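**Student:** Listed below, chain by chain, are the residues.
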Amino acid sequence: MNRFAELLDRLVLTPSRNGKLTLLVDYFRTVEDPDRGLALAAITGDLTIAAVKPAMLRMLVTERMDPVLFGYSYDYVGDLAETVSLVWPQTPGKIPNREPTLGEVVAKLQAASRSDGPKVLAGLLDSAGISARFAIIKLVTGGLRIGVSARLAKQALADFGKVDVAEIEELWHGLSPPYTALFAWLEGKAEKPRSTAMALFRPVMLSNPVGDGDLEKLDPADYAAEWKWDGIRVQAVAEGGVRRLYSRTGDDVSGAFPDLADAMHFSATLDGELLVGDPREATGTFSDLQQRLNRKTVTPKMQQQYPAFMRCYDLLQLGDEDLRALPFRERRDRLEAFMKTLDPGRFDLSPFVAFTDWQALENLRRAPPHPIIEGVMLKRWDSPYVAGRPKGPWFKWKRDPHTVDAVLMYAQRGHGKRSSFYSDYTFGVWSGAEGEEELVPVGKAYFGFTDEELKQIDKYVRDNTVERFGPVRSVRADRDNGLVLEVAFEGLNRSTRHKSGVAMRFPRISRLRWDKPANEADRIETLQALLDR
Amino acid sequence: MRASDLLHPRPEGLYCPPGDFFIDPVRPVDRALITHGHSDHARSGHRSVLATQQTLDIMGLRYGEDFAGATQAARLGETIALNDVSVSFHPAGHVLGSAQISVEHQGTRIVASGDYKRQKDATCAPFEPIRCDVFITEATFGLPVFRHPPDTEEIARLLKSAAQFPERSHLVGAYALGKAQRVMRLLRDAGYDKPLYIHGALARLSEYYQSQGIDLGILEPATVESGKGDFAGAIVVGPPSAFADRWARRFPDPISCFASGWMRIRQRAKQGGVELPLIISDHADWDELTSTIKETGAEEIWVTHGREEALVRWCELEGIAARPLHLVGYEDEGD
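As they're listed, the protein sequences go chains A and B.
Sequence positions in the first sequence follow the numbering used here and run 83 to 615.
Sequence positions in the second sequence follow the numbering used here and run 6 to 340.
Derived from the structure by calculation, the hints contain no laboratory data.
Please read all numbers here as calculations on a predicted model, not as lab measurements.
Do not take every clue at face value.
[Stated by the list, open to error] Straight-line distance between alpha carbons at most 27 Å, and here's what the computed DSS-like set of lysine-lysine pairs gives:
{"id": "1", "chain 1": "A", "residue 1": "K244", "chain 2": "B", "residue 2": "K165"}
{"id": "2", "chain 1": "B", "residue 1": "K275", "chain 2": "B", "residue 2": "K165"}
{"id": "3", "chain 1": "B", "residue 1": "K275", "chain 2": "A", "residue 2": "K537"}
{"id": "4", "chain 1": "A", "residue 1": "K499", "chain 2": "A", "residue 2": "K537"}
{"id": "5", "chain 1": "A", "residue 1": "K526", "chain 2": "B", "residue 2": "K165"}
{"id": "6", "chain 1": "A", "residue 1": "K499", "chain 2": "B", "residue 2": "K199"}
{"id": "7", "chain 1": "A", "residue 1": "K581", "chain 2": "A", "residue 2": "K244"}
{"id": "8", "chain 1": "A", "residue 1": "K499", "chain 2": "A", "residue 2": "K299"}
{"id": "9", "chain 1": "A", "residue 1": "K220", "chain 2": "B", "residue 2": "K165"}
{"id": "10", "chain 1": "A", "residue 1": "K201", "chain 2": "A", "residue 2": "K190"}
{"id": "11", "chain 1": "A", "residue 1": "K526", "chain 2": "A", "residue 2": "K473"}
{"id": "12", "chain 1": "A", "residue 1": "K274", "chain 2": "A", "residue 2": "K244"}
{"id": "13", "chain 1": "A", "residue 1": "K499", "chain 2": "A", "residue 2": "K473"}
{"id": "14", "chain 1": "B", "residue 1": "K275", "chain 2": "A", "residue 2": "K541"}
{"id": "15", "chain 1": "A", "residue 1": "K299", "chain 2": "A", "residue 2": "K271"}
{"id": "16", "chain 1": "B", "residue 1": "K199", "chain 2": "B", "residue 2": "K299"}
{"id": "17", "chain 1": "B", "residue 1": "K165", "chain 2": "A", "residue 2": "K499"}
{"id": "18", "chain 1": "A", "residue 1": "K220", "chain 2": "B", "residue 2": "K299"}
{"id": "19", "chain 1": "B", "residue 1": "K275", "chain 2": "A", "residue 2": "K581"}
{"id": "20", "chain 1": "A", "residue 1": "K541", "chain 2": "A", "residue 2": "K473"}
{"id": "21", "chain 1": "A", "residue 1": "K480", "chain 2": "A", "residue 2": "K499"}
{"id": "22", "chain 1": "A", "residue 1": "K480", "chain 2": "A", "residue 2": "K537"}
{"id": "23", "chain 1": "B", "residue 1": "K165", "chain 2": "A", "residue 2": "K135"}
{"id": "24", "chain 1": "A", "residue 1": "K135", "chain 2": "A", "residue 2": "K378"}
{"id": "25", "chain 1": "A", "residue 1": "K135", "chain 2": "A", "residue 2": "K190"}
{"id": "26", "chain 1": "A", "residue 1": "K190", "chain 2": "A", "residue 2": "K220"}
{"id": "27", "chain 1": "B", "residue 1": "K125", "chain 2": "A", "residue 2": "K499"}
{"id": "28", "chain 1": "A", "residue 1": "K598", "chain 2": "A", "residue 2": "K581"}
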């Protein structure tokens, strides 16, 4: 249990992706089955344990200590799981010779009935030290919140076994905790596990951005073009009565889109873009789509207001036939024929964009016919469907980003290489009537600048600090003083969480405008106009 | 006599009227008795100072030799008469030279513990519980959430991380007096024998510790001249403030570590951008505070700098009279 607890503690404080991978790989290497597999399941959210409510936890602890002292403690720490793990009284006689393993803890928790759950939990807490108690409480209260996605955990498995992450993704949904066969394969001790499960994920094919001079080397006749729709990439797999919608990283998102899943009366694997609206009438904006994202369940009203549909652009499997090795042209023909059998309210075909030369396509790209188009996709007619991001067969050619001139308001110290630099910037634009202008924060960015520019901004922050709050400094920013940052971003969403009412997608610093007076930075109305388009 | 006639707070610090002296005064006074060398307890400018020789030495290093008009060294356990008051110094286990001060007059004994801890520490003499009528305890970590793990476990985590990330340097933030030397000594005791790199602010105090027979091994200045690449895999010790500063840029992709009792609280570590918190404290944790209170047999407890209310509450539940002693000028954050 202690090694798992230590892993959680390290992961939550390690900001860098590589650091997290090192910690995970080390854990998989040094911890035995079934503990490592159970830890993996806890991280990917695939471990089922009956939940214990916070109120119950609080009751358990105040039965064991003075409620006033508990109150002082909880006020100070602010996190219930952490407070309980720290204050839990340890009776000297009751401490066993060794702490329970993760496997033992999980087994006891899974065997507990709803009524004896609290008692089992209390017994486990009695037998564990502080870090282990924290980990146990996190397991039973649900949600580890350690900043590790299932995707990152799979990457760590791939690093551990020196295999491609696509292989892990393809296997994943056929496996279950504690993944003993998977670890045995990754350690070279057994064959790759073969799955008999239905409707598995097929690792997706990704594109490369069009770089400078790329197109000059390519013959337009070799490529098909499609609009690049600003939805989310999704794979629809139906097989033997099992229907699944997967995200591009192989997470099962079916639960959030029952309306679409219900319409999958077929035996095939489709690749496409998930959007909302009715494809025969109107395609919703990304803001509309967002209403449906990151939900475990979804209300009927939500499904009615923002119905999900899939704009299909590839067919990977039809019945028992794997089409991935066929050239794109043939797959597309098969797709077009197949589409005729599907519910037109839930599935439509991603249309081709006709063009003769790159300049013509460039013109179309710059002026797309629909606001939810974010560029064009180029696909070689002869390309097979390959997992990963091969260079050459598929390109994405995005619309130019939006830019806005904003004023630096707050700066936060970074981590690792940047721990002595103020490298995370919150910026704002002007709002309010003339003479009463105020800066309202519209976003945060921490890349897009060079190392040299980082040094310059860091110096500016240190020289113009108004206030400090922990690792954050507020920077002098008014009509007459302030650093103007040109911020590039991909789009805007309405946001009720931000005071400005907007949230930027993928913001980054594109230029430092040392030359520009703060009062000439943009106003919030400029951004609002983008929203209403 | 009433205990509060023997010692009570004044704006300058804790004052003893019959003995006419102050303990750890925060402003210049005629006669000061000083528990240990941390700067919020040991200030310069008093006419005379009574403290352990090591505390006097440390004050000399920090403030210069003329830090006080006159100095007198107190030997541990030896009774000194100041007017009619018997004063004695006893080890507090906080940092090198730290002492509790026992003040006795007409049959009443008060022990002002200053800062103390009970965990074993190879860089200073261990705390000795002194029977007394009134015990003045600190309360820096006076909440049941503060439970310090064994320091050896914390050092083991540091060494494990150093092995996991051999291409990065580990920057250990530790206060210049006491904590830094304790961390270095713990590393040595754990078998780490490579040179330790130190920030300039640690140099003289660490040298002093070595001169007092506390072996810290080879210490080298963490200067740029030695070249950036040299710090890959290195353990660097410095005052916590230095790591947020430009000074830290010489190190390759550093992992910031902080050795402090505050690191028990995850949010504290997070806010400070600490990647590897090391829960190593020179103050008593909750269990040490409560067990020490019982050991002194004191009928009355005065609680100072820190989270007084929880410790007062605990005393109430135990049937021990207790009250907060409102002293000003001490940092309850330092550790």
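**Student:** Output the indices of the hints that this structure fails to meet, ascending.
**Tutor:** 5, 7, 8, 11, 13, 15, 16, 18, 20, 21, 22, 23 and 27
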